[in-house]
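Whole structure, please, built from the sequences with the hints as guidance.
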Amino acid sequence: MIFNSLSFAIFLPIVLLFYYLCNRRYQNWVLLIAGYTFYGVWDIRFLYLVSLSTVLDFCTGLMIANGRMTMAQRLAPSCHLLGFALFFLVPNWHAVVFQGVYSNNIDWQHLLTPTSLGLKVLALSILGIAIANIAYPYVLKYMEEKTKRIFFLRCSLIGQLGMLGVFKYYNFFVAEAEGCLKSLGFDAPSMHLDIILPIGISFYTFQTLSYVCDVYWGKMQPVSRLRDFALFVSYFPPLVAGPIERASHLIPRILGERRVGFENICQGGYLILLGLVKKMAIADGLAGSVFSIYNASSDVGWLDIVTATVTFAIQIYCDFSGYSDIACGVSLWFGIELLKNFDQPYFSLNPSEFWRRWHISLSSWLRDYLYIPLGGNRGSEIKVYRNLMLTMVLGGLWHGAAWNFLLWGGYQGAMLIIHRLFVGRKPVEFSGTLLMRLPRMLFFFVFVCYGWLLFRATSFDQISYFTQVLLADFSDMTLHMKIPPLSSLLGIIILILVEVFQFKRQNIHFYTYYPAVIHGGVYALLIFVFIMGLSNDSQQFIYFQF
Amino acid sequence: MTVSNSSISNSESDTIPTSMLTGQRVFIAILWALVWLILIDISLNIFFSMPKSPLIQPTKLQSFFNYGRSAEGKIRNMVGRDNESTAILANAGWILENVVDEQPKVASSSDRVLIAAYGQSFTNQICEALKVIDPRIELRLKAGPAATVSHSYAYYKADAKNQQADVVVLGILASSLSYMTSPTTATINFEGAAPYTYPIYKLNDGHFSEEDPVIHSIEELRTSFYDNPALWQEYIKVLRSKSPTYNSWIFEKDIFDYSALARMIRRSIGQKHVHDVTARYWNTNGFINTDSILDIANILIANFANDVRSKGQLPYVLLIQDQGYKDHLALAFESQLKQLDIPYLSTHTIASSTNPRNFVSDGHFTPEVTMQIARVFHADVLNKIKKN
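These protein sequences, in sequence, are chains A and B.
Under numbering that gives the first Met the number 0, think of the first position of the first sequence as 0, with each following residue one higher.
Under numbering that gives the first Met the number 0, think of the first position of the second sequence as 0, with each following residue one higher.
The set of hints was computed from the structure by calculation and includes no laboratory data.
One or more hints might be untrue.
Computed list of lysine-lysine pairs in DSS-like fashion (alpha-carbon distance at most 25 Å, straight line) [to be verified]:
| hint | chain 1 | residue 1 | chain 2 | residue 2 |
| --- | --- | --- | --- | --- |
| 1 | B | Lys-271 | B | Lys-156 |
| 2 | B | Lys-310 | B | Lys-383 |
| 3 | B | Lys-271 | A | Lys-481 |
| 4 | B | Lys-310 | A | Lys-481 |
| 5 | A | Lys-145 | A | Lys-218 |
| 6 | B | Lys-271 | B | Lys-59 |
| 7 | B | Lys-325 | B | Lys-310 |
| 8 | B | Lys-325 | A | Lys-481 |
| 9 | B | Lys-383 | B | Lys-337 |
The following block contains the structure:
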């Protein structure tokens, strides 16, 4: 289910209705069922994977912190996992064909015929649970406290990263290895697995990893009830494309009292509207233009590459930050404030600042769980550069199993290192006005855009060819790129204005400082552009593939 | 990468003082938003209204804010009481059997070649390029805006007795193929609605049949608007019952036509409709035989070739793969064309449909590409009729 779809427009009011009607005790149940429905609509079978991720980190979290689990705490995850395997993997869900919001077709006979994969997974789940429960008393008896903590941390890391590795990176590395072997003259048998990438796996995996690490470091107490932890993993607004919520941020909000005030409704509504404008009016409109150059079957000229790359920079920002805005807005309607994911990244003057403004939930995650454990700023400059490079390359790889993402990560790492070489350990923040920032902003934007070229490119050959043209071939200065629709062009102008005012006020809700006539005018302009953007071709959110 | 251990929670500055978002303030702001929206709507209707006369070409912005007008609304606006007050587009594409025009019926001399082509603007442009390449070529062009294969075939049938051309061309446009399930392109291509009609060909249990479109000429259309509304209602009835691509929301005129914002909402519904229709008959792997469109098109091509050959003429099929359609027409029709030995040319072999450089902004081929296609076409045609 995607935010800019009719099905979500029906789903959300129903969830809100139940949420507001229920008392605090049942609100989490409503959100949990909503999360599973939201995810299951994409592919119901992968709910098992969400369950596995949930159960694994719920148990390891408790074992790390307490060294033991109560009977109820062991029973609940066992039932959860078996129930999910039995209900979501064993039936043949392909027999249910959704043909739209109002019609669907169910072949009951096929639906109730168990799938062999489902039966195998069910058997493995039973085996796994049996082994865990048999081993449990021995773990309590023979394993030392410290060893236990490290053992369960490793279990969590291996389990979570293993799932991520299998579903996201296995085919990529196998294909590369096969390619290498073939080039050396060996005839390797194909080990390619016919698997699809579960939507949002990188997001919820990182989210659960943050929980286990925080518990291990003693930064937070483990969650004692599976229901609450399951909601932390499957809370639907950030589930498939972030922000990557921190356990220390989201869990207290899940466990604590929530109050949905009038401000929440208004701020949430504005964020949803802004997100829809960014996504539907701007990003979706620009997608065709970028595609016309990056997916062209022939050579393209300098002007086309520059225009398409700048257009892509705007597209990816609007697409991703649009999703985050909608997620934050929807979440505010449930009284839960999510982490800020974007803070006007194109206003940055240098790579360090850019990564404090772009995909903040990922960059801060990488900082806290990778960069700092690697040594961070401590040690020699060479070590710091190594840490920076490693963090960014892995950050690039987080986006997907492809060489261009690795290259993009390496490029970001190199920019951070060069920036550090120039400014030293303690950079001085620029304190001038927006107009004074502008030349430096534009200068740095050029480097950001080249990064997006690496990110968007469809092959190494394309990167090489585009780079060559950009640097040395100015012969073709005609524009062949498909002109973006009016909604995108107007949307970009309005977005720039909104961001400028937001920057000046240092507040996303800048409009509230102005009289009602202007406040209403901002709403009206956004609604107008949104209506214009309704007729753009709907595109999947770019970050869904990560 | 920030290197400090600073907090990751949201900035304090993003929280709003409670007094800023009181119910009263927000209520007034929403009222103001409504006022602004009404003002925007009125302004758009004033500054970007369509020209009073259908003979005047609207600007791009005028067109943009009127794309969402219902197909009926657009057609009514372009049809005046007489021909002088009717838009040129409204007159285009009607299949007329006995029309008197200045187009050649037979080649003017034995060393000349008359090519009769039935298609759409793409076909016309390629044929006109032939004339530039070879002055011996004479043209008889019958086309409809974005015409589909059933229109081209019906037009050929109606015009066959009027011409003794050496070569008869049937132009098939990839993006128009799905239009053959309706008697008008306006049920799908509602943004650029053209009123001309054509028969629907159907294939039910192996039985091939033809459905009458009810309205056959601009005169009949004018009558249905001004003198005989029952005829228009009958036309709508036929569309509702016979066309799987008919959608009353985007076709029939209603109150939405009077608001610029409402028109934009209708446009989005129309786009969704176009996507649904496109997905019904085509996906990225090629055309799908929903409603037997490929079977019917193959029958039309075979009938066309048989009929043309029976008159001693050379049939020729132009498969025009416009932007995004790869080689999908060739995939759909090539095997039959080869089997029946019908000469054909698929444009994807000359100009890739995935290369934006081959197209101008309105979707047509660039003049250079059109000329390239025409050169190949010319060589092939001359070779086939042995007039080098």
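What hint numbers does the structure not satisfy? 1, 4 and 7
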